[in-house]
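In order, the protein sequence lines correspond to chains W and G.
Residues 202 to 270 in the numbering used here are what the first sequence spells out, letter by letter.
Residues 7 to 558 in the numbering used here are what the second sequence spells out, letter by letter.
It is worth saying that the hints were derived from the structure and are not from the lab.
Take the hints with a grain of salt, since some may be wrong.
Coverage of chain W stretches by chain G, computed from C-beta distances (three or more under 8 Å per stretch; other residues unrestricted) [claimed, not checked]:
(1) 218-224
(2) 238-247
To give a feel for the contact side, a few chain G residues facing chain W, derived at Cβ under 7 Å [unchecked claim]:
(3) I306
(4) I308
(5) S309
(6) P315
(7) R327
(8) E384
(9) Q415
Given the structure is predicted, the values throughout are model-derived calculations rather than measurements.
From the three backbone atoms N, C-alpha and C, an ideal C-beta is built for every residue, glycine too.
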Amino acid sequence: MDEAVIVGADIVAGHDGTAELVVRLLHPDGSEHPVLLDEDTGLKLMEACGAASLEDLYGQSWRRIVPES
Amino acid sequence: MFDVIVRGGTVVDGTGAPGFAGDVAVKDGRIAAVGQISGEARTVVDARGRVVAPGFIDPHTHFDVQLLWDGAARPALEHGVTCVVPGNCSLSLAPLKADDRKAVVGMFQQIEEMPPEAFTTAFEWTWEDFAGYRAAIEKGLSINVAPLVGHSVIRLWVMGPASQERAAFPDEIAAMQALLRECLKAGAVGLSTSFVDLDAHGKPVPSRYAQFDELDALCAVLGEFGRMLQVVPEFYATDITIARIDQLAELSIRHGIPTTFSPLFDTLAVPDNAERAIARVEEQFARGARVWPQMQTRPIDISFSLLRPSLFFARLPRWVRILRQPLEQRVAALTDPDTRAKMLADLGPDGGEAMFGRLVARGGDACPPEYVGKTLSEIARLRGQPAGLALIKLSLENGLDVAFLSASQGHQSTDRIGPMLAHPLVHIGASDGGAHLASFSTYGDTGYLFSEFVRKAGAMSLEKAVAKITSETADIWGLKDRGRLAPGQCADIVVFDADAIDRGDELPAFDMPGDGMRYVRAARGVDTVLVNGEVAYAQGAYTASRSGVVCV
C-alpha cells in the first residue's frame, strides 16, 4: 500500500442537520484517521466509486474523495 | 422602595453554591439585596415554588440580523436567556461597506437560512462601521447583546474581492488590526473566525484565506483589550481539532487572551473525538492557556426529504441508486409498482417499521397539516400502509417536498455527554441560536440542560448547571457584573420551575420577514425573565420592556 485507502465508513449527523459521511483512512505508515465529508461530497464519493452501499467504499483510494480537476 | 422584589423563591445565585430560600430585590437595574427582604417594591414577582437564578447567557448565536427587528431574539428570551453573543463563525453585519452587503448577505443566508426579505424589507441599512450597527440594534433591545466582530467581514472591508483569493500583505494586516481595534472600542466582545464555513457559492469564507501571521496579528489587538477569539474547527477530524487547540493555546498564551472553539461534538462514529479533544484542552490549560471547548446540550437530528439525495439512505443500496437519479426519473421509479416493491422488500418483513417508524413528519413544507408532528409509524397506521410505503406515497403526493426528521442521530448519548458537560473546562454553548432556521430549532438548549442532564441523568446538580450557563460563561467572556445574583450585579434574572423547565416541542413557525419559515421551540417551565431589572417576559408573554443593552 503506497497511499491512504478507505477502511471504514459511517453516517453521522452533521452540524447542519444533514446526514454526513465519516470515512476512516488507513495510511501507509499504519495510522488511521477519520475524515468528515459533507453530504454533497459524500454523495459524490459514492458516485465516483460506483458505490451503492457504505461497504463498497472499503479499499478505495483517498484520491476518490478529491474531485478531479 | 425597591423597583422589583422577586419574593419567596429558591435562590440559586449562579456561583454553584446550594440554593436557599430568599428574595431578590432590584433597584435601578441592579440587584440591591439578596436574602430575607422586608421592604416594599413597585413590582413584586411571586416566586414561591420556583427557582430564582441569574439570566442564562448563550455564547454562540447568529442573531445579528434578527436583532434589527426583534430585540428579544425570540424565542431565546422566553427560555430564560438574557444575553446572547452574535457574530460567531467569522460573520457579523459590521464593519461592512454598502458595496459588500450582497456578498455578506449570501454568507449569512448560507448559515442562517434566512429568507431574502429579511435583508430587504425588515430593516434599513443605516451603518457601515461597528458603532453604527451597535446603534441600530440598541434602539429596540429587550435582551442583552455581547457582539463578536467577524474576521471575514474585517478581511472583506480591507481587501475587497481579494479577501477570498489570497493571503494578506503586511499593510493589509495592519489595516485589519486598526479596524479590529476600532470595533473593540465600539463594543465588540471579541473576534470570530472560521476554518470551515462556505459562502453562498460554495467558496470558503474570507477568514479561511488568512495565514497564521494574520490571525496572530489580530490576536495581538485582542490582547490589548483582553478579548475573546472564537473559532469554528473542523468537525470530527480529531487530529486537526487537536492541532487547532494547540494553535489557540499559543495565541492565548502569547497574547493573554481567552479563546473558544465551537462546536465540539460527541459521536459514536468517532467515539474518542470529544474525549481526546478535552484531554488536550486539559494539557493546554495546565500550560496556562485558555482554550474553551464549547459543547451543546441538544442531540443532533438528521432531516431529509426525497426531493434531494441524502446519505440517510446510504445503508440501502437500491434506495441510494434510485434517489440519486434526476428528479423526473426518480419520481418515475418511485411510482413504478415493481421498483417500489423491491425497495420495500429491502426494508425487511415489517415494511420499514423498524427502520423508518420513528421518523417524524416535520411540517413547514408541503406535508399535509394532519400529518405534521406525527411519526411515520402513526402516519402509516392512519393510511393503512406499511411505513416504507407511506414514506414513498406521502412524498409522491406532495411533490416529494415532505421533510422527515430522524431524531438524536448525533451527540445523542446522555451517558457520555453528561460528564463532559459537567467537566470544569467544558463551556456549555454552541446553540447556534438564530441559525439553520429552516433545518432545525436552535432554541431551548438551556431547558434541555435541566430536563435531560439535571433531572433525568443527574449528571450535575441544579446549582452546577445554573453556574455553567451564568457565572462561568460571564467569567469566560469577561462580561462584567453579569451571571450572579449578588448586590451590585446587573439584574438579569430568570424565575423557573425546576421540575418543568424543558426545551419544548419543535414546531414550524412562519414569523420571519416575508412569512419565512423557521423551526422554533416554545419555552416550558419559565415563568418570568427580567433584563436589567425590568420584566421582559412573564406569564407566557413578552412585555413592552426594552431594557436590553450591549453589555460589553
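Now the hints, each set against the structure:
Only residues whose C-beta sits within less than 8 Å of a C-beta in chain G count toward coverage, and the region 218-224 of chain W has 6 of them, enough to reach three; the restraint holds. Coverage of the region 238-247 of chain W by chain G holds [criterion: at least 3 residues with CB-CB distance below 8 Å; count 4]. Below 7 Å, beta-carbon pairs count as interface contacts, and I306 of chain G has one with chain W at about 4 Å; its hint therefore holds. For I308 of chain G, the interface hint holds, the least distance from its beta-carbon to any beta-carbon of chain W being 5 Å, beneath 7 Å.
About 5 Å separates the beta-carbon of S309 of chain G from the nearest beta-carbon of chain W, less than 7 Å, and the hint is met. Interface restraint check for P315 of chain G: the shortest CB-CB distance to chain W comes to about 5 Å, inside 7 Å, so the restraint holds. Given the 7 Å rule on beta carbons, the hint for R327 of chain G holds: about 6 Å separates it from the nearest Cβ of chain W. Hint status for E384 of chain G relative to chain W: violated, with the closest Cβ pair at about 22 Å, above 7 Å.
Of the supplied interface hints, the one on Q415 of chain G holds, with its beta-carbon coming within about 4 Å of a beta-carbon of chain W, less than 7 Å.
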